[in-house]
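A.B. asks: The residues making up each chain are set out below.
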Amino acid sequence: VQWVQIDLGASHPIYAILAWHYHSQARIYHDVVVQISDDPAFKSGVTTVFNNDHDNSSKLGQGQQKEYIEVAEGKLFDAKGAKGRYVRLSSKGNTTNDLNHYVEVEVYGLPK
Amino acid sequence: MSRAGGAALVVLALAAGLALRGARLDERPMHHDEANQAVKFGDLLERGTYRYDFHDHHGPTLYYLTLPSAWLAGRHTLASLDEVTLRRVPVFFGAATILLLPLLSSALGRTATGLAAVLMALSPAMVFYSRMFIQEALFACFTLAFVLAVGRIAVGGSLGPWISAGAAAGLAIATKETAAIVLPVAVLACAIAWWTAAPERRPHPFTQGRWVRPASIGVAVALAIAALFYSSFMAAPGAILEPLRGTSTYLARGIEPASHAHRWDYYVRLLAWSSSGGLRWSEGLILLLAGVGAATSFARGPALPPDRIFWTRYLACYLALATVVFSAIPYKTPWNLLPFYVAAFPLAGAGFAALLAGTPGRALRGALVAAVAVGSLQLGWQARRAAVVYAADPRNPYVYAQTVPDAVRMAARIRELAAMHPDGAAMQVSVIASPYEQWPLPWYLRSMPNVGYWTSPGDPVAMRAPVVVTSIDHTPGLDTAFGDRYVSEFYGLRPDVLEALYVERGLWDRFLARQAK
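If you're matching them up, the sequences are chains F and G in order. When you line the first sequence up against our numbering, it's residues 595 to 706, in that order. When you line the second sequence up against our numbering, it's residues 5 to 521, in that order.
Don't read these hints as lab results, they were simulated from the structure. Glycine included, C-beta positions come from ideal geometry on N, C-alpha and C. Accuracy of the hints is not assured; some may be wrong.
[Said to hold, decoys possible] Here are a few chain F residues that face chain G, going by a calculated C-beta distance under 8 Å: (1) A620; (2) I622; (3) T642; (4) N645; (5) H648; (6) S652; (7) E661; (8) N691; (9) D692; (10) E700.
From just these sequences and the hints, can you work out the full model?
C.D. replies: Listed below in structure tokens is the structure:
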């Protein structure tokens, strides 16, 4: 499992996270988990926004969402106003190889 | 170069070639073409019967010549086969091709053939495709054997070269239908070289009428070998003419391919230079030296031995003509370059020998040897990178429509699920996908007897399986049909080819419970 983490500098209510792993080939990234927390280690106060690790192989909890194919428009995760300073996106390889690409991640929230 | 030095160089090349070709043979996932050959071979192994199918299969030599490898490994069923048992057959023929090169040492010199062997041993293309369980490594070996035998006939050989040429031609015909290209091209190239290279040569047997008997024997040997293989050693005599029935299929596929259509310069670009994702590849050293070797056979200058002029010109004509013909055919797969690329290595050796002979001073000659040695080592480094490190990586230019590791994980998941099912390995699995999206699953699920294959959903028998594999196109319909009764997950089969795995919810829950323990 690999992850990228974004530090917003302070805790904010977050409403949307938009992520692009890849866009030039039909691929599915495995075990995508998107979480928000004020703890940079993500050990406490973690809100899981999206999780499709349905066999819990990443040990971040069993996900209920379905896997999705990467498209040029990216994938929108509804954060529903969850508050936190850090956003972490985890994944575990993809249907073509074992790499975890991130073309772009956008986080939309309200400033203080 | 002394006889001992030449022999040492060839032994070194063979050792390096075998090490590169035989390393970690089981790691790269089985390509769908390999899987198809493997399952076809499994039929021969288990039932002892083989029938040539001209619709979608090449010749039978690969299957029959794999039998000794399976027997040696004590494998008697498809389920018991493994990748190493299969892939060491092309490895063997890849190494045998290297050993053909010293046959040219009397014509080209030991320096030329020694370096040719080293370059062939270390060439990334030769290494990579000698590790695939497909016909190409065998076909390249038989083609080069034919090229050499025809040349020996031209320089005055008697019965021996005719029989060798016949045997090589018979094996090439029984291996792949593109023998219809390379064999005539070799004869044409030989004729061009003969007529242009050595008008002062001694009279040839052709001019004295002494060729009819050995030629007849050579042709008879070729026909007998091809007939034996295609007829499954006379078990099905009617199949001898089957390859001719496949002519229209292969012509149509070659000229108007539904897939595998590539630009005319596909092969040359693949060998000359490619770069992707930070990885760079080139076999330019071999192409450059082969160009020098070809140029020396046509250049005017210090008199070269007639045999050397003939052989280099013959190899150059064969390489050029075969490259043009294969490049002109719209249908291209990268391993198709092997039967003409094999001629580049003796030419490259001859080019290096000519450069060495024309370089004044010991220091400059030493620098030339050092430069080629470094270039050869760099080729070997590329070969290892291609064959082992990036063996299934799309950034590797030799990788083509390769099965991805995700497909192997899907097969492993299916076997894990079967272990949780009351029927065990006899659990029904339905694969609903086009044939192109089914392979290589028959190989990976070979130990499960109740795997069924359908090309479209709808058959109630297919839909009642606890595990269903389907192409991504069928998922909307299956999502609706299965509802909450099945859990789905996705896997890659090849780049841009995705499959969905549907698992009956009860079986999935039992699987998860076991995973949690």
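A.B. asks: So, as I understand it, the hint says A620/F touches chain G; can you test that by seeing if any CB pair is closer than 8 Å?
C.D. replies: holds (5 Å)
A.B. asks: Would the hint on H648/F be counted as holding, given a Cβ-Cβ threshold of 8 Å to chain G?
C.D. replies: Status holds, d = 7 Å.
A.B. asks: Using the nearest Cβ pair, does T642/F come within less than 8 Å of chain G?
C.D. replies: violated (18 Å)
A.B. asks: Quick check on the hint: E700/F CB to chain G CB, less than 8 Å?
C.D. replies: violated (25 Å)
A.B. asks: Interface hint check: S652/F, Cβ to nearest Cβ on chain G, cutoff 8 Å. Holds or violated?
C.D. replies: violated (12 Å)
A.B. asks: Let's test the interface hint: is any C-beta of chain G closer than 8 Å to that of N645/F?
C.D. replies: violated (14 Å)
A.B. asks: Restraint: N691/F near chain G, CB-CB cut 8 Å. Satisfied or not?
C.D. replies: holds (7 Å)
A.B. asks: Answer holds if the nearest beta-carbon of chain G is closer than 8 Å to that of I622/F; otherwise answer violated.
C.D. replies: holds (5 Å)
A.B. asks: Hint validation: D692/F versus chain G, beta carbon distance must be below 8 Å. Holds or violated?
C.D. replies: holds (7 Å)
A.B. asks: Next item in the hint list is E661/F. Is there a CB on chain G closer than 8 Å to its CB?
C.D. replies: Holds, because the Cβ-Cβ distance from E661/F to chain G comes to roughly 5 Å (cut-off 8 Å).
Violated hints, listed in ascending order, are 3, 4, 6, 10; each of the other numbered hints is respected by the structure.
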